[in-house]
Amino acid sequence: MSPTKPKTKTDQLPVEGLSYEQALAELEAIVASLEANKLALDASMALYERGQALTKHCVALLDKAELRVKQLSGDSLVDLAVEGEG
Amino acid sequence: MFFDCFALTYHPNTGILIQMSQLPLFTPHIPASWTVTDLTRYLRELLESDELLQDIWVTGEVSNFSRPASGHVYFTLKDSSASLRCVMWRNAVLRQSFTPRDGDAIEVHGAISVYEAGGQYQLYADVFRQAGEGALYQEFLRLKAMLEAEGLFAQERKRPIPLKPKRIGIVTSPTGAALQDMLNTLRRRYPLVEVILAPTPVQGDEAPLGIITALHDVVMIAHPDVIILARGGGSIEDLWGFNDERVARAIAASPVPVITGVGHETDFTIADFVADLRAPTPTAAAELATPNQADLRLDLSDLSDRLNRLLQSFTSELRWAFQGLQNQLEKNSPLFQIQSNSQRVDELDHRLSATSSHLLQLTRIHLTGLIQHMAALNPMAVLERGYAIVTNQAGETIACVGQVSADEPLNVKVSDGDFDVHVDG
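Residue numbers (numbering that gives the first Met the number 0), protein chains in the order written: chain A, 0 to 85; chain B, 0 to 424.
Calculated directly from the structure, the hints in this document are not laboratory data. Some clues are possibly wrong.
[What the hints assert, rightly or not] Derived list of chain B stretches under chain A, where covered just means 3 residues or more per stretch with a C-beta under 8 Å from a C-beta of chain A: (1) 50-64; (2) 99-108; (3) 188-202; (4) 213-220.
[What the hints assert, rightly or not] Only pairs whose alpha carbons sit at most 27 Å apart, straight line, appear in this in silico DSSO-like list of lysine-lysine: (5) Lys69/A to Lys163/B; (6) Lys157/B to Lys143/B; (7) Lys55/A to Lys163/B; (8) Lys55/A to Lys165/B; (9) Lys63/A to Lys37/A; (10) Lys63/A to Lys143/B; (11) Lys69/A to Lys8/A; (12) Lys163/B to Lys63/A; (13) Lys143/B to Lys8/A; (14) Lys63/A to Lys8/A; (15) Lys55/A to Lys37/A; (16) Lys8/A to Lys163/B; (17) Lys143/B to Lys69/A.
[To be verified] Partial list, computed: chain B residues near chain A (C-beta under 7 Å): (18) Leu185; (19) Leu302; (20) Ser303; (21) Arg305; (22) Leu306.
Quick reminder that beta carbons are idealized off the backbone N, C-alpha and C, glycines included.
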């Protein structure tokens with residue numbers, strides 16, 4: 000029932016705007032593509048740099064992540080009430 | 000008569016009804032008699048040899064409950080017409096989940112024996128439980144068998160848990176420690192995830208309906224990737240809502256995979272059997288639902304290393320290719336050509352010099368020879384020796400007689416000049 004995002008190509012989007020999932024998917028695709036070793040040098044260098052940028056971005060997302068907690072309230076979601084209250 | 004059929008009779012001394020085989024041999028004045036100890040021991044062995052009495056649950060109301068300093072517990076279990084003395088030793092008492100009080104209706108498990116010194120039969124207890132728990136447990140077994148027969152617990156029905164959920168729905172009490180434990184675990188392991196709490200009572204009469212509603216609503220409103228259904232530890236009655244048939248069916252019908260984390264490690268409820276995955280505790284459920292960020296960081300580090308190794312390998316390829324080009328370039332450059340040509344010129348020149356002088360020498364020798372040879376062949380030298388050259392008017396040299404005719408004018412050349420003559424006939 001969760002909405003499955005269509006797999007959009009993210010390689011033209013700025014790295015900072017990507018979600019962890021998107022960045023990781025692109026990063027893995029880049030490594031696979033470089034390991035297949037069919038690209039010209041310029042393209043390889045560009046992919047290398049983007050790959051490292053994506054890695055840094057994923058680590059940054061983990062570093063600054065804060066668990067978001069919401070609660071059902073009627074038909075909608077609200078931020079979680081402070082511990083101890085009903 | 001009646002007694003004869005069963006070989007019973009009245010003991011002559013005591014008047015008590017006994018088997019005839021036990022009649023003393025007829026000695027009217029000295030009846031055999033048991034010692035108290037022997038009799039008591041006899042009774043004790045009699046009771047201890049009865050299997051039923053050695054493994055028995057007894058229901059009753061607690062009274063005269065006492066717990067002296069020794070830590071042992073003494074009490075009476077009674078009902079309307081009988082009572083039973085009970086004792087539980089200290090180490091068994093410490094294992095119980097609660098301490099009964101006077102007036103409580105409880106069930107006690109243990110073995111019957113005799114406290115010899117007091118002349119008292121007793122129940123030596125090892126477990127208490129609340130009255131009615133036995134019945135609850137039977138109901139649990141019945142429901143479990145029924146749902147299992149329907150196939151609700153089948154392994155094939157169980158769905159895999161998503162590896163990196165974006166959103167987790169937690170169905171639990173908003174006030175229990177279980178929720179806080181789970182949130183702490185999630186914060187530590189996988190703070191990227193979003194948590195949606197669907198609060199519900201988790202015990203009492205309101206629990207089953209509350210759980211079912213929460214399961215339904217969290218899916219409809221929040222669309223999580225996985226649901227955790229959890230509560231902390233408690234008695235079989237506390238956990239009873241998770242054995243409810245309607246709750247089991249709601250879990251089975253959930254479109255989203257459900258992980259249960261109910262009670263302690265050893266508690267198994269019907270919900271646990273129906274769930275896609277059972278965790279032994281709420282904290283363990285949160286762990287099973289998520290990856291650990293430590294592992295994610297290792298994966299990222301590994302990807303970065305692979306990128307770096309790839310960079311090294313294609314820069315060294317590049318360097319090699321570049322060197323090759325550079326070599327080619329140098330070989331084909333004009334300067335290089337000029338330099339090589341000039342070197343070639345020098346070489347040729349050197350060879351030429353070496354060759355020239357040699358040739359010249361050879362020529363000189365040859366010429367000298369020729370000159371000498373020619374000198375020897377010089378006609379003038381011949382004339383000086385007395386020979387003459389005779390030529391006719393045509394200029395032809397006369398070498399033999401046949402060449403002349405009578406009176407032909409001829410010229411004679413001698414060493415210092417010439418004169419004309421005529422041939423005498």
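Taking the hints in turn, this is what the structure says about them:
1. Under a criterion of three residues with beta carbons nearer than 8 Å to beta carbons of chain A, the stated coverage of the stretch 50-64 of chain B fails, only 0 such residues being counted.
2. Under the rule that three or more residues need a Cβ within less than 8 Å of chain A, the assignment of the stretch 99-108 of chain B is violated, with 0 such residues.
3. A stretch counts as covered by a chain when three or more of its residues have a beta carbon under 8 Å from one of that chain; for the stretch 188-202 of chain B and chain A the count is 9, and the coverage holds.
4. For the stretch 213-220 of chain B, the proposed coverage by chain A is satisfied: 5 residues have a C-beta within less than 8 Å of a C-beta in that chain, meeting the threshold of three.
5. Between Lys69/A and Lys163/B the CA atoms are separated by roughly 19 Å; this keeps the pair inside 27 Å, and the hint holds.
6. Among the hinted pairs, Lys157/B with Lys143/B is consistent with the structure: their alpha-carbon atoms are about 17 Å apart, no more than 27 Å.
7. Proposed proximity of Lys55/A and Lys163/B is supported: the alpha carbons are some 19 Å apart, at most 27 Å.
8. The suggested pairing of Lys55/A with Lys165/B holds, with an alpha-carbon distance near 21 Å, which does not exceed 27 Å.
9. A threshold of 27 Å between alpha carbons decides the hint, and for Lys63/A with Lys37/A the separation of about 37 Å lies outside it, so the pair is violated.
10. Using a Cα cut-off of 27 Å, the hinted pair Lys63/A and Lys143/B is violated, with the two alpha carbons roughly 46 Å apart.
11. Restraint check for Lys69/A and Lys8/A: not satisfied, since their Cα atoms lie roughly 30 Å apart, outside the 27 Å limit.
12. For the proposed pair Lys163/B and Lys63/A, the alpha carbon gap of about 18 Å is at most 27 Å, so the pair holds.
13. Under the criterion of a C-alpha separation no larger than 27 Å, the hint pairing Lys143/B with Lys8/A is inconsistent with the structure, at around 49 Å.
14. The straight-line distance between the Cα atoms of Lys63/A and Lys8/A is roughly 25 Å, inside the 27 Å bound, and the hint therefore holds.
15. Only pairs whose Cα atoms come within 27 Å are accepted, and Lys55/A paired with Lys37/A is accepted, the gap being roughly 25 Å.
16. Of the supplied pair hints, the one linking Lys8/A and Lys163/B holds, its CA atoms being roughly 20 Å apart against a limit of 27 Å.
17. Taking the CA atoms of Lys143/B and Lys69/A, the gap is about 34 Å. The hint is violated against a cut of 27 Å.
18. The closest approach between the C-beta of Leu185/B and any C-beta of chain A is roughly 6 Å, which is under the 7 Å cut-off, so the hint is satisfied.
19. Checking Leu302/B against chain A by beta carbon gives a least distance of about 6 Å; that is within 7 Å, so the hint holds.
20. Nearest Cβ of chain A to the Cβ of Ser303/B: about 5 Å, under the 7 Å cut. The hint holds.
21. Among the interface hints, the one on Arg305/B holds; its C-beta lies about 5 Å from the nearest C-beta in chain A, closer than the 7 Å criterion.
22. Taken as an interface hint, Leu306/B checks out: its beta carbon lies about 5 Å from the nearest beta carbon of chain A, inside 7 Å.
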